[in-house]
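Enquirer: Residue-level listing of the chains:
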Amino acid sequence: ILNVEQSPQSLHVQEGDSTNFTCSFPSSNFYALHWYRWETAKSPEALFVMTLNGDEKKKGRISATLNTKEGYSYLYIKGSQPEDSATYLCAFLNYGGSQGNLIFGKGTKLSVKP
Amino acid sequence: DGGITQSPKYLFRKEGQNVTLSCEQNLNHDAMYWYRQDPGQGLRLIYYSQIVNDFQKGDIAEGYSVSREKKESFPLTVTSAQKNPTAFYLCASSIRNEADTQYFGPGTRLTVL
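Protein chains in written order, with my numbering: chain Y, 4 to 117; chain C, 93 to 205.
One or more of the hints may lead you astray.
Claimed, not checked - Straight-line C-alpha distance at most 35 angstroms; calculated DSBU-like pairs for lysine-lysine:
#	chain 1	residue 1	chain 2	residue 2
1	C	Lys101	Y	Lys62
2	C	Lys149	Y	Lys112
3	Y	Lys61	Y	Lys45
4	C	Lys175	Y	Lys109
5	Y	Lys62	Y	Lys109
6	C	Lys149	Y	Lys109
7	C	Lys162	C	Lys106
8	Y	Lys45	Y	Lys62
9	Y	Lys72	C	Lys149
10	C	Lys175	Y	Lys112
11	C	Lys101	Y	Lys72
12	Y	Lys45	Y	Lys112
To be verified - Examples of chain C residues toward chain Y, derived with CB under 10 angstroms:
#	residue
13	Ile96
14	Tyr125
15	Tyr127
16	Gly132
17	Leu135
18	Leu182
19	Glu190
20	Asp192
21	Gly197
22	Pro198
These are calculated hints, taken from the structure and not from any lab test.
Values in this document were obtained by computation on a predicted structure and should not be read as measured data.
Note that the Cβ used here is the ideal one computed from N, Cα and C, for glycine as well.
With the hints as extra help, turn the sequences into a complete structure.
Expert: Printed below as a string of structure tokens:
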């Protein structure tokens, strides 16, 4: 059974701090890695879909990197703001193999204090 | 506005009853998905459909059924055979398949009394 691990499970930072968290996934048969942001009482919202080793994507103060050979992706938030408080989910898609669907991690819950 | 709608937001069901959760999208997406979330767990796939009149089981399909008679609609029925139906259910869609960005609905919280 394929497994996607996210760390840390939760994170508390002060406004203005920069932060990062990790998504680990199987390095074989990689096809795509998704990042979503899920605010309380809202729908999960897509941040990035990454497919190539070495990919770096950026959206405002949020950026992500991808290493498919070693099986990890980092999500960075520069200068965290209270509105960044949310759960950040990553999801791995493998190519062929036993599971052809997105496998989601449990998420990293970020709380940003003003 | 384009998007995905789910109804109802909260649903209560007596044990032994079937219940159907609605999911509609007007994004003209081919693929639609149903996920279940339980406390402390990642989203788990119940069923998905990439085309009208066709759908595939996900990891936890037992006790659930779906239909895809129209491109816009992908209702999920939670049957009495589902052992632990109390959970939060999310519907999503994407343009073609799982490699594409998924767009999620607001979710339905089902509680079995």
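Enquirer: Has the given pair, lysine 101 of chain C with lysine 62 of chain Y, been kept, meaning a C-alpha gap of at most 35 angstroms?
Expert: With Cα atoms ~30 angstroms apart, lysine 101 of chain C and lysine 62 of chain Y stay inside 35 angstroms; holds.
Enquirer: Under 10 angstroms, Cβ to Cβ, is where tyrosine 125 of chain C needs to be relative to chain Y, so tell me if that hint holds or is violated.
Expert: Status holds, d = 8 angstroms.
Enquirer: For the pair supplied as a hint, lysine 175 of chain C and lysine 109 of chain Y, is the alpha-carbon distance within the 35 angstroms limit?
Expert: Given pair lysine 175 of chain C, lysine 109 of chain Y holds - Cα atoms ~22 angstroms apart, limit 35 angstroms.
Enquirer: Holds or violated: are the alpha carbons of lysine 72 of chain Y and lysine 149 of chain C at most 35 angstroms from each other?
Expert: 30 angstroms, holds
Enquirer: Does aspartate 192 of chain C hold up as a contact with chain Y if the rule is Cβ-Cβ below 10 angstroms?
Expert: Given a least distance of 7 angstroms, the restraint on aspartate 192 of chain C holds.
Enquirer: Would you settle whether the hint for glutamate 190 of chain C is holds or violated, based on the nearest Cβ-Cβ distance to chain Y being less than 10 angstroms?
Expert: 5 angstroms, holds
Enquirer: Answer holds if the nearest beta-carbon of chain Y is closer than 10 angstroms to that of leucine 135 of chain C; otherwise answer violated.
Expert: Nearest chain Y Cβ about 4 angstroms off; hint holds.
Enquirer: Take the C-alpha atoms of lysine 149 of chain C and lysine 112 of chain Y, compute the straight-line distance between them, and say whether it is at most 35 angstroms.
Expert: The given pair, whose Cα atoms are some 29 angstroms apart, holds under the 35 angstroms limit.
Enquirer: Would the pair lysine 175 of chain C and lysine 112 of chain Y pass a check requiring their Cα atoms to be no farther apart than 35 angstroms?
Expert: Status holds; Cα separation ~29 angstroms.
Enquirer: Taken at face value, is the distance from the CA of lysine 112 of chain Y to the CA of lysine 45 of chain Y at most 35 angstroms?
Expert: 14 angstroms, holds
Enquirer: Hinted pair, alpha-carbon criterion (35 angstroms max): lysine 62 of chain Y, lysine 109 of chain Y. Please report holds or violated.
Expert: Status holds; Cα separation ~22 angstroms.
Enquirer: Is the hint on glycine 197 of chain C kept, meaning its closest Cβ partner in chain Y is under 10 angstroms away?
Expert: Check passed: Cβ of glycine 197 of chain C comes within 6 angstroms of chain Y, closer than 10 angstroms.
Hint compliance for this structure: hint 11 alone is broken.
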